[in-house]
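Engineer: Listed here are the chains, written in short residue letters.
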Amino acid sequence: MRVLVTGASGFLGGAVAREIAGAGHQVRTFQRRPSGVVGVDDSLGSLTNRADVSRAVEGMDAVVHLAAKVSLAGEPADFEAVNVEGTRTLLGAMRDAGVGRLVFVSSPSVAHAGASIAGDDARPADPQHARGEYARTKALAELLALGADSEPLRVVAVRPHLVWGPGDTQLVERIVERARAGRLPLLDSGAALIDSTYIDNAASAIAAALERVDAVHGNAYVITNGEPRPVADLLGGICAAAGVAAPAWSIPAGVARAAGSVIEAVWRVKPGADEPPMTRFLAEQLSTAHWFDQRRMRAELQWQPAVSLDEGLRRLAAHYGTPSR
Amino acid sequence: MSHGSSRLPRSAGRTAPASLPPAGLPGMDARFSRLVEVADGDSGRPVTWHLLDNGAVLDELGVTPVGTMLCVHGNPTWSYLWRELVGAATDAATTAAETGSGDVWRVIAVDQLEMGFSERTGIERGLERRVSDLSALTATLELSGPVVTVGHDWGGVVSMGWAVDHPDELAGVVLLNTAIHQPEDRAIPWPLRLTLQRGMLGRATVATPAFLETTLALAHPSLESDVKNGYRAPYRSADRRGGIGAFVADIPVDERHRSWNELERIAAGVRELGVPSLMLWGPRDPIFSDTYLDDLAERMPQADIHRFEGAGHMIAEDVDYAPVVLDWLGGLDPSTGSGELLAAGGLLDQRRSPDGAGGGFDTAAGGLLDQRKGPLWSVLDELRDSTDLALVDMKPRRDVSWKLLSTGVRQLAAGLLRAGVQPGDRVSLLIPPSADLTAVLYACLRIGAVVVVADAGLGVPGLTRAVRGARPDHVIGALPGLSVARAFSWPGQKISVATLPRATALALGVRHSLPELARLGADESLPEPPSASAVAAVLFTSGSTGPAKGVVYTHAQLEAVRDALASKYDIGVGTGLVAGFAPFALLGPALGARSVTPDMNVTSPRTLTAKATAEAAAAVDATVVFLSPAALANVVATSDALGAADTAALAVVKTFLSAGAPVPEALLAAAGRLMPNATPHTPYGMTEGLLMTDITLEGIRAAADDAAALPEGEHAGGVCVGAPAGSVRVRIAGLDEHGMPAAEPSEQSGVTGEIVLSAPHLKQSYDRLWATNRIADADSVSAESVDAPAERWHRTGDVGHLDAQGRLWVEGRLPHVIVTAGGVVTPVGPEQKIESVLGVGRVALAGIGPRGTQQLVVVLETDPPARRPALADPELGAAVRHAAGLDIAAVLVVPVLPTDIRHNSKIDRTALSRWAEGVLSGEKLTAP
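Protein chains in written order, with this note's numbering: chain A, 1 to 325; chain B, 1 to 928.
Treat the hints with caution; some may be incorrect.
[Stated by the list, open to error] These stretches of chain A come out as covered by chain B in the derived footprint (C-beta under 8 Å, 3 or more residues):
| id | stretch |
| --- | --- |
| 1 | 30–36 |
| 2 | 80–94 |
| 3 | 97–105 |
| 4 | 236–242 |
| 5 | 285–295 |
[Stated by the list, open to error] Estimated spans, in silico, between C-beta atoms of each pair:
| id | chain 1 | residue 1 | chain 2 | residue 2 | range |
| --- | --- | --- | --- | --- | --- |
| 6 | B | Gly823 | A | Gly22 | 54 to 62 Å |
| 7 | A | Asn49 | B | Ala911 | 58 to 66 Å |
| 8 | B | Ala742 | A | Glu311 | 34 to 42 Å |
| 9 | B | Gly424 | A | Arg296 | 56 to 64 Å |
| 10 | B | Ala651 | A | Arg314 | 57 to 65 Å |
Calculated from the structure, these hints are not laboratory results. None of these values were measured; they are calculated from a predicted model. Just so it is clear, CB atoms sit at the ideal spot from N, CA and C, and this is done for glycine as well.
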């Protein structure tokens, strides 16, 4: 199969491109910068440019769409342009070029209204109640993508939750940097149960969705390791693997949420600045349970995670050169 | 009654046509709503009813109903009350249409005239008129039998009026919280008294929705607001609420009331109905309290009863009653027209008395009667002239001879009769273990009174619920018990243990004392003894596994308990017995044992010391010692205080039992060392079956060795409770992938499932828990012939497996089975493995999240104990996961795990799961 992977310069996108190429498919990637993935064709361009997109999908059998604006804060219009309009452009280009398969990579946050999720299966994306611009625009985009599902264009949405692993700058590096600086608090007791996805598992699950898209199109699936842990244990495990001290102090989640709201407001009028240290979204993510019913996903995608949480942490430790305990 | 003399506001007399309910009421299906025109009363003028009727849907399905349920709502509800029943019956009909099996029932649920969406005619209808209205409707519908009436609240009365008037069509009666008769000595319930006050009636019922809202607020748990709106829908304005006021005004408060005679007629008529009846009751009802259930049960002794503890007046909302009704209907044979009970098959015996009213399985079946070794008091009769020691009270010390005990029992028995205690009456005993308790217990048994025994460990609220539910006719108690009985208005005639000062007796409502009864019965004139199948006792469960249930035993079954103990532990006349475990203590005299209860605080078994145990043993030259598992740890901990005489007394003991809940091997061994010549045993049983399996300390060790020798993964773990005792049979109903037990239990080894037991000494039934009995007795079969005798089986709610050597292993409670995405997990095995981790005390394994994808959570105590609840540190977490060999989501450390009082060992995993679920979803980390 000839497969286009968008967003392959990212942590997850690169892993997905490698996974699919490794399975013997012919992979082309599409993003603004070179993907750095060996053995694939890079087609550089922007999602906001119709011509770039059309060129990229030309001659493909399937698209795995990961490119998105991922951030905890930023201008709503930027999110809208990349995540919603970019997806709309991609869908149009695929229709024009007769590309018949799309794996839309989404996020469980598209269906998260702030309350705890304990063992739920994937619920429909809900842009009205999604928290933050990223989740809201990804929710809109997922609805667009699944709305386009049809026999000639088969769409499946997969939502990996909290992807981490060696080389991850999004989650792991932030945690480790903050912990090293003593700026990583726990919220409340840190007991909220959170599931996460080791990078190799996320990549292989997305590849499985691609293999199974003809059978399962029209559906959305949450993907995780299926090994939820209290957030303190998870953060502690990542810190230990990186050789830094685990968070030892905590602040009440309510305070963090309130602070997050204020900080977000301040950041909104500080364009160009770095990411805010705390947002309401992040405070909610770290103080409420997030774990999912994985049975339907595993049965329908015919997929099992190959790397356990503990094995993932061992690989992370090896990456940081931390001696094992 | 013309409207001129009405006590209701003028708006109550407004007329309005009937209509269909608005669309979108939750739970309502428009396919069932219809309007029916009927000629009204003497005038013959047409009047229109709204009703729910699944008849048309059944026609569409092409199925023929076996009968019709005629459902009548009360005040101030409407047919909306029955939506679940209409829906469930129609679902069952759909299944029947697809599979070709199962009974089909038509359901007609009416809105009474002036109520719901039926016509407002402006007429204030009394009971007599309402009964004839309903008859006119069923005549118009050309409803032929068989009909089962279903009624709630005052609808119960109207439905019973219809039942009395249609004996040929009637096949059965179902009643939910209703009343047919106001007992003379009882005031009418306060909420109604208040509403009926001059000036209040119209305002509360018609002008304002106060009565409606008060009724809706009686639901437990509270109704969802959209359901409340469903109930409110037909009563949105004063114009629409005339019927509500008229219903309240129609309550016949005294014999001058116009509806008095009709109520009396119906109340008398129900005695003659004789059809199968089902009463579903919510005891938390400020209006139709248990008193009214008792009255109905007395009028309809054939009734099956289920009291839903925790439910109230709005029982149809509080509990899932529809499946219970359908299940019950499944046992009727409507084809006979007059509702004969199914004459053949296994149902008959269960049906007669699953609520424990009497009868039921004939325990004589299977030749048991031939083996009967005499009534419970036979040793008391045999030894009536013996001056040998029968009983010792330790504090104050009191030695009682067989002669004294035997005389006391006979005198009390005769005295109880004279004080009005009738055979079959229920007598609640609130007396600490003592010679007094023993004497009065055997006196009650001798005259055929039913003793009600609840453990003080239930606490006052639990005890109050238990005693109320058991509806004692008499309460015999010591001062503390009687004070509680007074404070909580427990029912029944009160009798004190000691003679009380007159003022105290008056204040507590005490009519008699035991010394007085003994004098009254000095002539020892006794009635015929009760039959073996008569109910002897209602024993309450500990409540550690849900609300305490009353467990009914017949005389034959208690005799079988006695005989099982006698043969298993070789106890007979002359055996010295230390009875530190209440259920067994009471059987001492029946066994002929010389028995003593050690000095301890009965509400807290863990206060028992080694010294007190030794002194008790010395007092009766004990060779057998029964202790409660809760007491065991303290006995071992206080063994330093034993003197030479104490040690000598304990050295005589040959058999030592820890009964009630399994104890760790190390504790049993430590207790065994205090009695070096004794064989330590730990039996497995429950209030429903007191001795089911037994294992010795040596046996426990052998079982552990056998388990260790099994290949990895072939042993499910758990506590080995040994081989079946005597004639007990054990089967396992294997769990499926949803954690549900199979319908057909087997004796196959290595299969984990619900433990199902059979023995002559099993309980008869649960008291007034028809639906619970249906589940517990699911595997029982009645006698079909001499070659196929009756088998009574009890589903224990415990989960475990049999090993290759036929030993039973207990793995936990059925509700505590955890169903993960990877499969079913029972708690006890992993808990034991985790308890082996250094520094870990007691452990509970809980499941959180939806069944089928639950996550495992370990909650544990540490040594030394943690000061506050917290997540385990990474090292402990890793050690726990390693020991358990399971994917455990979280490990929580708590200062102490919550346990029940009686055993001090049964951890409430259900509550713990709820707690863990809260904590792990981000709620504050409080103590469980």
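Engineer: Would you mind marking each hint as holding or not holding in the structure?
Structural biologist: Hints and how they fare:
By the rule of at least three residues with a Cβ nearer than 8 Å to a Cβ of chain B, the coverage given for the stretch 30–36 of chain A is violated, with 0 such residues. Interface restraint, the stretch 80–94 of chain A with chain B: violated (0 residues with C-beta to C-beta distance below 8 Å; minimum three). Under a criterion of three residues with beta carbons nearer than 8 Å to beta carbons of chain B, the stated coverage of the stretch 97–105 of chain A fails, only 0 such residues being counted. Against chain B, the stretch 236–242 of chain A contributes 3 residues with a C-beta closer than 8 Å to a partner C-beta. That satisfies the three-residue criterion, and the hint holds.
Against chain B, the stretch 285–295 of chain A contributes 7 residues with a C-beta closer than 8 Å to a partner C-beta. That satisfies the three-residue criterion, and the hint holds. Remark: the range hint 54 to 62 Å for Gly823/B to Gly22/A is contradicted by a beta-carbon distance near 32 Å. A hinted range of 58 to 66 Å for the beta carbons of Asn49/A and Ala911/B is consistent with their spacing of about 59 Å. Between Ala742/B and Glu311/A the CB atoms are about 38 Å apart, so this pair conforms to the stated range of 34 to 42 Å.
At roughly 58 Å, the beta carbons of Gly424/B and Arg296/A sit within the given window of 56 to 64 Å. For the pair Ala651/B and Arg314/A, the beta carbons lie near 58 Å from each other, so the given range of 57 to 65 Å is met.
This entry does not satisfy hints 1, 2, 3, 6, going by the numbered hints stated previously.
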